[in-house]
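Asks: Protein chains in written order, with the numbering used here: chain D, 1 to 687; chain C, 1 to 365.
Do not take every clue at face value.
Said to hold, decoys possible - Derived lysine to aspartate or glutamate pairs resembling EDC-like cross-links, with alpha carbons at most 20 Å apart:
(1) D:K526 to C:E20
(2) C:K134 to C:D23
(3) C:K268 to C:E29
(4) C:K11 to D:E644
(5) D:K594 to D:E578
(6) D:K526 to C:D62
(7) C:K27 to D:E578
(8) D:K526 to C:E29
(9) D:K526 to C:E19
(10) D:K526 to C:D23
Said to hold, decoys possible - Pairwise CB distance ranges (calculated):
(11) C:E182 to D:S557: 46 to 56 Å
(12) C:S103 to D:D177: 43 to 53 Å
(13) D:E424 to C:W254: 52 to 62 Å
(14) C:G55 to D:R581: 54 to 64 Å
(15) C:K303 to D:K487: 49 to 59 Å
(16) D:T619 to C:K303: 31 to 41 Å
(17) C:E84 to D:K487: 53 to 63 Å
(18) C:K183 to D:K487: 35 to 45 Å
Derived from the structure by calculation, the hints contain no laboratory data.
Just so you know, even glycine gets a beta-carbon here, dropped at the ideal spot from N, CA and C.
These are the residues of each chain, in order.
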Amino acid sequence: MVIRVAGIADKMAKNQKQIAISEFFEKNKHFLGFDSLQRSVITAVKEAVDNSLDACEEARILPEIKVKISKIDSKKDILELQTEDNGPGIPQKSIEKVFGQLLFGSRFHAIRQSRGQQGIGITGVVMYSQLTTGKPTHVLSKVASDPTAVSVNIGLDTRKNKAVKSDQTRIIWENDDQTMKEHGLRVTTRMKAKYQRGRQSVFQYLRMTSIVNPHAEITFTDPDGETFHWPRVTERLPAKVDAIKPHPHGIELGQLQRMCRESSDSRMTVFLRQNFSGVSMRAAKELCEAAELEITTKPKSLKPDDVRALLEAFQGEREVNGKAIKLLSPPTNCLSPIEEMLIKKGLSKTIDSKFVATMTRAPTVSHGNPFQVEVGLIFGEGMVADKHVELLRFANRVPLMYQQGGCLLTKAIESVDWRQYGLEQAGGKGVPKGPAAILVHLASTNVQFTSEAKEALSDNEFVFEETRRAMLEMGRGLRKHLEKKKKMAKTREKFELINDILPAIAEKSASILERPVPDLAGSITKIMSAVICNESTTWNKETKQVDVSITLFNYTSRSRSYSLLVNWPEKSGGEMVENERGGRKEAMGIWGWKIETLEPGEKAVLEYSLSNLEKGDWTETEVFFRGSQDVIGATKLDEKMLVEIRKQEEILNQSEAPAEEGDANVTYEPGVVEGDSGQTTLFGGEN
Amino acid sequence: MARVNDPELTKARLHLVVEEMYDRIVKGEPPTMTLPVRTKNNIGFDKKLGVYKYGKKRSTRDATSLGSAKNLLRALHVVEFIEEMIEAGKSSTLREMYYISESWGLGKFGSQNESNNLAEDLEVVTTCLREDFKLRPEEDGARMIGNVTIEELNRRGQWMTINARDDVGDSGYGVPYNVEIEKIRLKEHDVNFLMAIETGGMFDRLVENGFDEEYNCGLIHLKGQPARSTRRIMKRMNEEWDLPVIVFLDGDPWSFRIFASIAYGAIKTAHISEYLATPSASYLGITADDILAYDLPSDELSKKDIEALNAELSDPRFADGWWQDQINMMLEIGKKAEQQSLAKYGLDFVTDTYLPEKLGEMGLA
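Turn these sequences into a full structure, and let the hints guide you.
Replies: This is the structure:
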């Protein structure tokens with residue numbers, strides 16, 4: 001009896017713990033992402049894929065990711081999810097930690113941009129799987145240094161909240177083609193979940209992921225056995241980002257207290273200079289003075305009031321000699337933007353369209369946190385014209401799929417009057433309509449969400465303003481494109497007239513009258529009575545270059561002279577080659593040629609190629625001109641804008657030079673977005 | 001303007017159109033084609049002829065836009081095609097020409113409307129008739145019943161004598177597309193007047209009721225807007241036999257236009273009004289007065305009807321007082337009525353009461 005009772009007690013204790021874990025899940029399922037059967041499978045895919053991408057990025061491996069979902073029991077809604085990557089794999093001894101502990105890893109302390117900031121981690125998936133099916137998660141992991149892969153089942157000891165390994169063996173892992181798998185990870189897990197299609201689906205999640213991870217190869221097999229493939233469009237891995245120290249403007253009291261407590265530094269100045277970014281020797285001394293702390297004080301011995309005083313000095317509430325303490329900006333090399341060209345490729349690969357404009361704003365700082373906004377706009381006949389445009393939101397390369405309306409990025413898009421740029425928008429407010437998709441990516445060391453669900457960004461005026469400005473620029477590009485298209489159509493008509501119809505009229509009338517075919521030059525000049533510029537930008541398969549050809553026709557009765565300027569992707573690493581007419585660099589990404597005299601009826605041809613680019617990188621060249629007579633097919637150059645671009649180039653060059661610590665010139669006020677981020681283009685300024 | 005009926009002259013006139021284009025190119029100018037403006041703003045009453053003709057306004061179609069350049073090229077293809085037909089002794093319908101243009105490359109027609117318009121343009125510019133161009137219309141000629149005898153040259157080159165009362169069935173004599181002297185001779189008649197009728201239903205009603213015999217008249221079914229040949233044969237009978245032409249139509253703005261094209265000349269064919277128009281033709285009904293006087297079943301005027309009536313108020317062909325009154329009255333009552341609404345009072349009402357009363361007012365019954 002006694003034994004039996006004890007057994008029951010044991011069981012009850014076990015049950016209580018079980019209930020506690022279930023309750024933990026139940027209570028927090030919203031921010032864990034397991035609040036509905038439909039969402040659970042998306043969350044599971046997200047945790048697994050984010051881990052794979054992060055791991056590949058850190059190990060500098062071009063990711064190949066396979067995701068497969070199969071139905072196990074339709075009545076009970078049991079799905080099996082299998083994800084496989086070619087990442088570095090996880091060493092045998094770390095598997096338990098990675099899959100069996102909540103919030104494992106160092107990324108919560110490091111300040112840099114990472115995907116994994118968002119979510120509970122793969123442990124949540126293991127937990128959800130066990131709670132809903134009672135089954136462990138199978139892990140197959142191979143690291144390059146081991147000859148075999150480890151195969152192991154991971155469950156959770158719900159009492160101790162730690163991983164339980166079972167059936168661990170080492171096996172030979174072969175690829176489909178019987179070659180040995182060098183390294184990688186495969187996770188197979190069953191869960192109660194429902195697979196659905198549409199805007200909020202695994203498909204959409206992977207599609208969006210592939211847009212912002214153009215370096216990844218992603219394959220997805222859905223429960224119906226249909227396979228989708230998003231190919232890699234660049235061999236370039238995202239730049240390796242450095243972790244940075246926190247900036248005094250972005251720190252909170254609790255964090256500061258902890259840092260002081262854990263410090264082993266002997267003096268305040270050393271502590272301030274070594275643990276924070278943006279603090280020069282002078283600033284460190286001034287901060288101590290403002291906080292009324294001795295320079296020689298050990299940080300560990302600070303009292304709560306001292307810490308508070310230090311924080312006030314950080315935030316500029318305490319001054320020295322009536323002046324705010326000057327701090328340097330935090331470095332922004334902790335950010336990894338996708339970059340204009342790659343966004344363009346990513347968008348073009350999943351959406352078939354004619355016009356793509358992308359823009360990466362310069363990194364900037366809000367409240368001590370570096371951030372960077374990137375946007376893309378794709379427009380074309382292939383898309384649905386009478387529906388709202390598709391919004392593709394991302395934070396640190398992770399798709400945001402829920403709560404679109406409450407998101408800061410959506411609000412920034414909605415704040416633009418898109419009607420002036422050629423999209424429909426009721427009352428000039430809200431999400432515009434038209435055959436377009438808009439992408440926004442926020443890269444930041446500290447992404448602020450409206451809630452634990454981490455699906456919508458919370459309001460931040462600096463991020464809003466940066467996003468809005470980028471949108472306006474996109475809009476101007478779109479308007480330009482549409483105007484150009486219209487003009488081109490007209491020009492094409494004129495060319496058809498003089499190249500086809502007029503010669504036919506001349507020949508036919510001559511043959512009816514039995515007279516010689518008359519010369520057309522005079523008529524052509526009278527009909528066109530304009531200077532016309534024709535541009536063609538085409539990918540040359542053989543040379544792997546972009547060939548650009550610009551022809552300027554003088555169809556007026558006087559001789560003309562012009563300067564022609566073009567934009568070209570200098571910033572993105574393109575190189576101008578086979579430019580036989582020479583010319584000169586007018587500014588970053590702007591090249592110019594002089595065309596001295598162009599007699600009536602004559603034409604001038606400019607030809608050059610762009611190398612070091614891939615197909616689809618550069619599809620349209622903008623031509624500008626200096627000269628009195630208007631040129632159809634080119635835009636009159638705004639000299640002010642050129643000056644502006646040159647100025648920005650200088651600023652850019654300066655900021656690229658390594659910043660000297662203690663250089664008091666490069667300071668900034670807390671919470672002020674610096675300058676205009678240097679982003680004027682020839683499409684026009686901020687109007 | 002006159003019927004040319006001379007292939008060499010037709011060709012010479014067409015060459016003038018081609019020369020205009022050619023000479024402009026030689027001068028280093030865009031080729032052009034100059035032609036009268038063909039809208040109601042450019043028709044005026046020709047006192048000598050008693051019909052409406054195009055005025056002096058001319059428009060120039062020049063090859064500075066793709067559309068008009070293509071039009072000039074098409075005109076050249078049509079000229080060439082006409083010359084070929086003249087030389088080969090063939091003719092073609094306008095529709096056939098539209099299909100033949102498929103092989104004209106850049107000069108092919110976009111729609112048949114374009115080819116019809118261009119044929120008319122060339123008539124206007126050259127002052128020739130499309131018969132000179134060997135182009136036939138697709139349009140359906142009228143039907144005719146009554147004691148009228150004509151001679152028609154048949155396919156075998158024999159002259160046939162046809163009496164439009166005794167030698168025809170109930171559908172009457174079919175008027176061919178060419179009613180010129182080389183094809184149709186008016187031989188003799190025993191009628192007091194001709195009555196042109198808009199709808200087939202009313203034509204058949206009068207035939208069934210024996211109206212043509214009782215009132216000694218010729219009945220002509222117009223089939224809506226009358227074809228050129230219909231207008232031309234009425235004009236010939238009016239001139240050669242001195243027969244009054246009475247026009248009996250629906251009572252709506254479109255019928256007014258039909259009457260104008262019979263009596264004064266149509267805007268589209270104002271270049272040949274003196275061939276087609278019968279200035280002495282009179283409008284019998286349905287008038288706006290009739291709708292009230294006979295209390296006819298009527299329909300509300302549609303938006304388009306009202307627009308058409310307002311356009312007619314500023315049309316020079318409707319400038320006289322009687323028409324202005326009729327149009328204004330119709331606008332005022334806001335109603336229109338069909339010929340067949342007379343059946344409200346029985347099938348014989350039109351022949352026993354309405355027409356005798358109206359003809360009486362005109363001094364014909």
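Asks: Hints first: check each against the structure and report whether it holds.
Replies: Hints, one by one, checked against the model:
no.: 1; hint: D:K526 to C:E20; in the structure: 17 Å, holds
no.: 2; hint: C:K134 to C:D23; in the structure: 27 Å, violated
no.: 3; hint: C:K268 to C:E29; in the structure: 30 Å, violated
no.: 4; hint: C:K11 to D:E644; in the structure: 67 Å, violated
no.: 5; hint: D:K594 to D:E578; in the structure: 17 Å, holds
no.: 6; hint: D:K526 to C:D62; in the structure: 11 Å, holds
no.: 7; hint: C:K27 to D:E578; in the structure: 42 Å, violated
no.: 8; hint: D:K526 to C:E29; in the structure: 6 Å, holds
no.: 9; hint: D:K526 to C:E19; in the structure: 19 Å, holds
no.: 10; hint: D:K526 to C:D23; in the structure: 15 Å, holds
no.: 11; hint: C:E182 to D:S557: 46 to 56 Å; in the structure: 54 Å, holds
no.: 12; hint: C:S103 to D:D177: 43 to 53 Å; in the structure: 58 Å, violated
no.: 13; hint: D:E424 to C:W254: 52 to 62 Å; in the structure: 40 Å, violated
no.: 14; hint: C:G55 to D:R581: 54 to 64 Å; in the structure: 58 Å, holds
no.: 15; hint: C:K303 to D:K487: 49 to 59 Å; in the structure: 38 Å, violated
no.: 16; hint: D:T619 to C:K303: 31 to 41 Å; in the structure: 49 Å, violated
no.: 17; hint: C:E84 to D:K487: 53 to 63 Å; in the structure: 41 Å, violated
no.: 18; hint: C:K183 to D:K487: 35 to 45 Å; in the structure: 56 Å, violated
Of the numbered hints given earlier, the model fails hints 2, 3, 4, 7, 12, 13, 15, 16, 17, 18; all others are met.
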